[in-house]
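Each chain is listed here by its residues.
Number of protein chains: 2
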Amino acid sequence: MKKIKVGCIGMGCRGIGMLTTILNMCENVDVSAVCDLYEDRAAEGGKLVEEKTGKKPLVTCCADEVIKMDTIDAILIFSAWESHIDLAVSAMEHGKYVGTEVGGAYTLRDCFKLTEAYERTGVPCMMLENCCYGQTELAVLNMVRKGLFGETVHCSGGYHHDLRDEIAGGIANRHYRLRNYRYRNCENYPTHELGPIAKVLNINRGNRMISLTSTASRARGLETYIKENAEKYPELDGFKFKQGDIVTTVITCADGSTITLTLDTTLPRTYSRGFTIRGTKGSYFEDTDSVFLDDPNADHFNAKKYWGNGDKYREKYNHPLWEKYGDKAKEAGHDGMDYMVLSAFFEAVEKGTNTPIDVYDTASWMSITPLSEDSIANGSIPVAIPDFTGGRWIMRNDENPGNEFWLD
Amino acid sequence: MKKIKVGCIGMGCRGIGMLTTILNMCENVDVSAVCDLYEDRAAEGGKLVEEKTGKKPLVTCCADEVIKMDTIDAILIFSAWESHIDLAVSAMEHGKYVGTEVGGAYTLRDCFKLTEAYERTGVPCMMLENCCYGQTELAVLNMVRKGLFGETVHCSGGYHHDLRDEIAGGIANRHYRLRNYRYRNCENYPTHELGPIAKVLNINRGNRMISLTSTASRARGLETYIKENAEKYPELDGFKFKQGDIVTTVITCADGSTITLTLDTTLPRTYSRGFTIRGTKGSYFEDTDSVFLDDPNADHFNAKKYWGNGDKYREKYNHPLWEKYGDKAKEAGHDGMDYMVLSAFFEAVEKGTNTPIDVYDTASWMSITPLSEDSIANGSIPVAIPDFTGGRWIMRNDENPGNEFWLD
Chain H
1 MKKIKVGCIG MGCRGIGMLT TILNMCENVD VSAVCDLYED RAAEGGKLVE EKTGKKPLVT
61 CCADEVIKMD TIDAILIFSA WESHIDLAVS AMEHGKYVGT EVGGAYTLRD CFKLTEAYER
121 TGVPCMMLEN CCYGQTELAV LNMVRKGLFG ETVHCSGGYH HDLRDEIAGG IANRHYRLRN
181 YRYRNCENYP THELGPIAKV LNINRGNRMI SLTSTASRAR GLETYIKENA EKYPELDGFK
241 FKQGDIVTTV ITCADGSTIT LTLDTTLPRT YSRGFTIRGT KGSYFEDTDS VFLDDPNADH
301 FNAKKYWGNG DKYREKYNHP LWEKYGDKAK EAGHDGMDYM VLSAFFEAVE KGTNTPIDVY
361 DTASWMSITP LSEDSIANGS IPVAIPDFTG GRWIMRNDEN PGNEFWLD
Chain E
1 MKKIKVGCIG MGCRGIGMLT TILNMCENVD VSAVCDLYED RAAEGGKLVE EKTGKKPLVT
61 CCADEVIKMD TIDAILIFSA WESHIDLAVS AMEHGKYVGT EVGGAYTLRD CFKLTEAYER
121 TGVPCMMLEN CCYGQTELAV LNMVRKGLFG ETVHCSGGYH HDLRDEIAGG IANRHYRLRN
181 YRYRNCENYP THELGPIAKV LNINRGNRMI SLTSTASRAR GLETYIKENA EKYPELDGFK
241 FKQGDIVTTV ITCADGSTIT LTLDTTLPRT YSRGFTIRGT KGSYFEDTDS VFLDDPNADH
301 FNAKKYWGNG DKYREKYNHP LWEKYGDKAK EAGHDGMDYM VLSAFFEAVE KGTNTPIDVY
361 DTASWMSITP LSEDSIANGS IPVAIPDFTG GRWIMRNDEN PGNEFWLD
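The listed protein sequences correspond, in order, to chains H and E.
Start counting the first sequence at 1; every next residue gets the next number (this note's numbering).
Start counting the second sequence at 1; every next residue gets the next number (this note's numbering).
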């Protein structure tokens, strides 16, 4: 079988992690090129490929050079948030499948650039939203599809991840989060929670997101943290941050369902994506890992009784993908999600099909960031979320082309 | 010691419950009158008083008759939501302390009626928000005051209570919720979660609520429930409900803190008030009953480790009121909160002081309901929350007059 040839752009922490997974796990993929604006990072990627495969990839600081290579089939984008859309559009223009790491957009116009490039070129573009492939997320999607929760009327989720150390370390680490937290105030990372919720709610396939409001708390977490760790971050002395500690975004959908997203990355707490699905017949709550099904004899005042019963339901409703590939996926780390999402992307490239997370998903999920920025800047006004499909969401034919890793 | 003489208005389920607690637990209180629009309910209240005390109270369907009694010191309002403010204003005009059961207002103007009546008469008015006196809420307030969580930047809470049976049973039960859910769409019951949060955030005492947005999901829970229990509720056949299943309200405060409130009463789940406090140094989460304190060695990816550690912190930071009265309070039922809040009210009446939850708290907490109704009706626009204190929140002298049950 002919191998898929890919170029990887962005060799920071995430890029190296994903490259490692590809090299270790994806037998049908050849990494033909690695790229980073920083020479040392590009070199590190090149070294990794050579060590694993014995073959020297193109190693470059120029993304254009990779995108223009005749020999590659797909571009994988692991670079800073600001670069995702321009790289994706350019790759589509050059006929290369796009797999782009998660992150929000900076302007609404950029999101349309993505969908318009797809419509012009016909080249698929997939956000590599690994959380859509989490074991819990897929089991819950399975439960929703089987009608366990009745009609879904509300979902919530959050990116609850204490990143103070990563953000404050952004000068040494050359990390894009630092500048984003310093100058912007928005839901800057919506897709880990929104992706799986969008699949549950059939967003862009019979349903769509209509409008949102977004509200940011004051920004005290990072400044407090930096002050208390002043010896560790002398270069941040006196830094002020615009990014509120907690950003709450409420989205309404065409079918009347609502979605609440919380960005929560600069206060102390344990990690969670807060994945919550509320239906007329039952619910799932990630924070207590519990399924609650409608039952007149339920013990309504003893929530603890239901804590942690998710194991039982994950087993019973384990998604076929996890049934088949779960053990292998977990070997790759990151809870197995990276292997799954990469497999989904490479399957589409190999078969020449559309991707299970498509350009309309990518654009609409990324649009939440600039729209939340607008809402916050204007006192939490409701802002419209565009219909990137141009009306096609109502009747859109998005049947599985026969791909195993589709998100049905 | 001279006993406090009170008149109780509203002898529905809640009124009878509170009356029972007063009769059983509050030795310094005489119930001089009971009142309900329904004769049978008024009679039931009267019978209860007579059985417990051997004395016949005034039993009437006319609230005015009670309010005008020269011999009583205070009016307790347990009636339907719609009647709270008119009764409270009238009681203040007649020089009677007001203790009013929780519930939202119907118009913003009504909230001003409350504060203006207080300013005209000098008679205190207290919302009997029992949840401010919950053991967990008071222990967490204690932790906040001791600086355990650093600066508080965000709080959230919800009224997560599956009330489908109570609402659908509203014709037989003559319950006000049924008509409210049928005709209104708002955060109709904000105070169980907002009250304790307002105390944490010093609302109306150095801080105030500035604006809110509110978003309602579609209303599917009740209609699904009624359809599936058609034999139980034949009189509700074909009923439509305006009240969304999940209402998310986001409030901004003068100090930049934010508050998220969730009304969640018509979908299956276990009970919770979702009480969550987020600070720069730590957090409390009711849903997992866990305290998380900033710690570089914390196990960030193992939230389960912290589930249920609240017991330890409740013990260590138990509020003095719970230390002293906890056992007695619990005897009265409703997790001891009713005894506590009634004691707080009667202490103020006895001493002639202001109440720990005052008329400005009552008005501002109740205002969330009509403001959320406005926001929802207008597509989640931000609406201003008035400053009911007329600027006095900044410098307001609200020191404890020496009351044991004050909420410091």
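By construction, these hints were calculated from the structure, which means they are not laboratory data.
A virtual CB, placed ideally from N, CA and C, is assigned to each residue, including glycine.
Mixed in with the good hints there might be a few duds.
Claimed, not checked - Listed below are several chain E residues computed to face chain H (Cβ distance under 10 Å; list not exhaustive): (1) 59; (2) 106; (3) 162; (4) 225; (5) 250; (6) 264; (7) 271; (8) 281; (9) 294; (10) 298; (11) 306; (12) 352.
Outcome of the hint check:
The criterion of a C-beta within 10 Å of any C-beta in chain H is not met by residue 59/E, whose closest approach is roughly 34 Å, and the hint is violated. For the restraint placing residue 106/E at the interface with chain H, the shortest Cβ-Cβ distance is roughly 24 Å, beyond the 10 Å limit, so the hint is violated. With a least beta-carbon distance of about 6 Å to chain H, the hint placing residue 162/E at the interface is held under the 10 Å criterion. Because the beta carbon of residue 225/E sits about 8 Å from the nearest beta carbon in chain H, less than 10 Å, this interface hint is met.
With a least beta-carbon distance of about 4 Å to chain H, the hint placing residue 250/E at the interface is held under the 10 Å criterion. For residue 264/E, the suggested interface contact is upheld, since its CB lies about 8 Å from the closest CB of chain H, less than 10 Å. The interface hint given for residue 271/E holds, since its Cβ lies 5 Å from the closest Cβ of chain H, which is under the 10 Å cut-off. Hint status for residue 281/E: holds, given a least beta-carbon distance of 7 Å to chain H, under 10 Å.
A hinted interface residue such as residue 294/E counts as satisfied when its beta carbon comes closer than 10 Å to some beta carbon of chain H; here the least separation is about 4 Å, so the hint holds. Annotation: interface hint on residue 298/E holds; nearest CB of chain H at approximately 7 Å, less than 10 Å. Checking residue 306/E against chain H: minimum C-beta separation of about 6 Å stays under 10 Å; hint holds. The interface hint given for residue 352/E is broken, as the beta carbon of that residue sits about 38 Å from the closest beta carbon of chain H, more than 10 Å.
The structure is inconsistent with the numbered hints 1, 2 and 12, although it conforms to all the rest.
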